[in-house]
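Trainee: Take the given structure of chain A and dock chain B to it, following the hints.
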Amino acid sequence: MEIRLLEKGYKNNEQFYKDFLEDQLQVKEEYFSNEVVHLDKTPDFPIYIAQGSETERKELFLEAIRILTDYYLDTDRDIHLNELFWHSLLVTKREYLLENYPKINEGINHFNNIVLKKFDWENYIYKCVLGAQYINDFVTDPEQRERYYSLLVDNLDIYNYIIKYEIFRNDRFLINILDIIDELDLSKILKSKIKNRDDLGKDERVGRRVIFEFNKSYPVIMSPMLEKDELKPIFLKYLSYYYDSTEVLEEV
Amino acid sequence: MIYKKDANFPYPVLTNTSNSYASSQFILDVELHENVHHYQFDFNYEIDSEFMNNLLKNRQAIPILIIQSKDNKFFKLDLSQRSIKLLKSRISISSRTSIQLHIQSIEDISFRRNEDLSIFYEKFKDEIVVPKHSILGYSNVVMFEGSTTKPLELFEKKLNPDLKSAIKIELSHETIVIQYRNEEFQFNNLPKSNTLNNPYVYTGMHMALQRFIVNNGEDNESVDLLEIDPPANPLDLKLYHLMRKKMVEELSIDTIDEVIYAISDRMIEKYTSVVKGLISSGN
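Those protein sequences? They're chains A and B, same order as listed.
With the numbering used here, letter number 91 in the first sequence gets 91, and the count goes up by one each step, no holes.
With the numbering used here, letter number 162 in the second sequence gets 162, and the count goes up by one each step, no holes.
Honestly, the hints are just simulated from the structure, not real lab data.
Careful: at least some of the hints might be erroneous.
Unchecked claim - Taking lysine to any residue and the SDA-like style, the derived pairs with C-alpha atoms no more than 25 Å apart in a straight line are:
#1 A:K28 to B:P191
#2 A:K93 to A:K164
#3 B:K192 to A:E30
#4 B:K5 to B:A22
#5 B:K270 to B:L163
#6 A:K164 to B:I2
As the list claims (entries may be wrong) - Computed footprint of chain B on chain A, listed as stretches where at least three residues anywhere in the stretch have a Cβ under 8 Å from a Cβ of chain B:
#7 33-40
#8 50-60
#9 63-75
#10 219-229
Just so you know, these numbers come straight off a predicted model, no measurement behind them.
Backbone N, C-alpha and C fix where the C-beta goes; we use that ideal spot for every residue, glycine too.
With the rest of the complex left out, here is chain B:
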């Protein structure tokens, strides 16, 4: 369970809001990344109580990361661990997800030598012994409210009867524009017309990524996404954020299709299943 408000404990607990400790803090910071199959939570935390850090170092206490969405997941952490990877089939972040770090005692802990407590405890801290399995501190709560990456928002559809070809794909300042000469080419009269347009989306994505390499790579061959600054061009910037979010580290002429697979949500699989569905339903 995650503590969002102060709770009463029969002994001093390290939190960012209680007065039990003189000035200590327990700050958690989390970054969320995702690819087709996984969510990855990269985190960092800082505890500035020497007493608590020593307990952790001596394995008298352990950090436990709690990820709460529809249910709770607990991860007992190694001291150096700063990342947790989870299958998308096992965690939902579309509804609110809260993350907090707890410190749990794994043996009885005497507070006699705890110099970080507030002055209030000075006289009787010798008598405080926190039993094993208890909470010793908890961090701030980090929240995620749904995934923000919707690759299709990169696109615009337009009807243009003057077109000299059936469709035309262009890159505008901010979006990938798919122009259709005829409304029929959009399949608007069929169910799942959006999905049926996925091959055009794919082509548009391919074009945009090629230009991304030209705009941002040094040799027109590849771009190291970990090295470059966020691009100034708005469309490139969207693609950059999308790729970084999906943990793509490098984009090159040879890997464009792999990158599309990583940053799009099973575009071709969905297309295939819609077409199959239409065939089998006799449409």
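Excised from the complex, chain A in its bound form:
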């Protein structure tokens, strides 16, 4: 299958949006450059996972991670980490998008937010691509992979924070953190709001703050390069700044 890459100027373009709705994009040559990307298959997958219950969203995330892993991640990284590629691919999936994200019909803002979303840590495809890549490169056993996918989705808040910081956007660090969370059953604690700390912002979460401490201490502590056993005591130390973790510490 061949994806034609879009020419600049498609963003925030009312006519482009209208042509998408009316299924006219593919016949208008002016929207496309001469560049193409080849993929064997380009199956549909959830691209915008903001609605529904937590359980429903988890299923959608898992589906996206699995499909991306099986069909998209063997392309050169220049392709699957390229916003232009994803936008070019998504506009070929008109029917799927309109069926699954009917809000796209309601206005160009929704179209921009769902289909032409900026490709960074807030973009669902970006999150899933990086997560899938980090996990698959590190873990070969299929069951273990599923376990990590699940851990990733259960700890999205801290995962988002990890990929937001450039220094932590790294496979080893992510796997280590997920392992530590799993071993010590910290998921709930890390997601919880910080209490009795008026000096911090209003919606401060424990997990984000722990990552913030890692960021602050780098490179005096080169945390992204550490082994899990080296990372664990430091993680618990930072956790103790924001959470009374005596119970957790006793288990170690």
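Mentor: Just chain B now, with coordinates in the frame of chain A:
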């Protein structure tokens, strides 16, 4: 994370720009090679602080290579390691890629015997102990701004109605020229006309490599690319650079097709998929 500017550290760090060390340097040098599936980073580094080199030798500190493109990759290096190979599906170099070498302590390090520090630390270096997991030094940054190898730039297309054949492929001084008697043969009216011309490109490449062997090989049979000097002929020189960049070491009459596969970007696969696409779309 890569340090492009000086940063403040609570202890002396070896860099090429700070004054913490008297005259020591930490120079990193990287060469990039690629083939169809991989990028290979060959590097060399030189640290002229005896103190630091001893830490490395005694495994009290380790070198870590950092490759930063869209994200960070860290490689803990063996002392003798001078090469890193990465799948193209796992690193992007089309946007800016920066590479730096860091030295990390793996135990607490006393600077008492560090004779390489600047005079400023003379009086209190006995008291300096750098904790484990800390950065001890970082090199200069080596940058790559995209891959430069575009095999198609070797080619020129020309229309020549007087041609006695449908197409003719010639080798000029600097390029491989594909001449067409009729514009239709270029498929210009079809989408992906460039890709549809790939079989001609293939033929041209074949011809050029044959001549390369004749021009540069001793026996008209094969060329050892590691042995020869860069050719003087401009077209041969382009091909030479392309092959070396793609890690081709030898070219012979028998291996021309393999070499074309290595230096071209899946030319025939792309051609096939375009033709299939045209058939299935009813064109």
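Trainee: The structure should be examined with respect to each hint, and the outcome stated for every one.
Mentor: For each hint, the structure was consulted:
no.	hint	verdict
1	A:K28 to B:P191	holds (12 Å)
2	A:K93 to A:K164	violated (28 Å)
3	B:K192 to A:E30	holds (15 Å)
4	B:K5 to B:A22	holds (19 Å)
5	B:K270 to B:L163	violated (29 Å)
6	A:K164 to B:I2	holds (16 Å)
7	33-40	holds (count 3)
8	50-60	violated (count 0)
9	63-75	holds (count 3)
10	219-229	holds (count 8)
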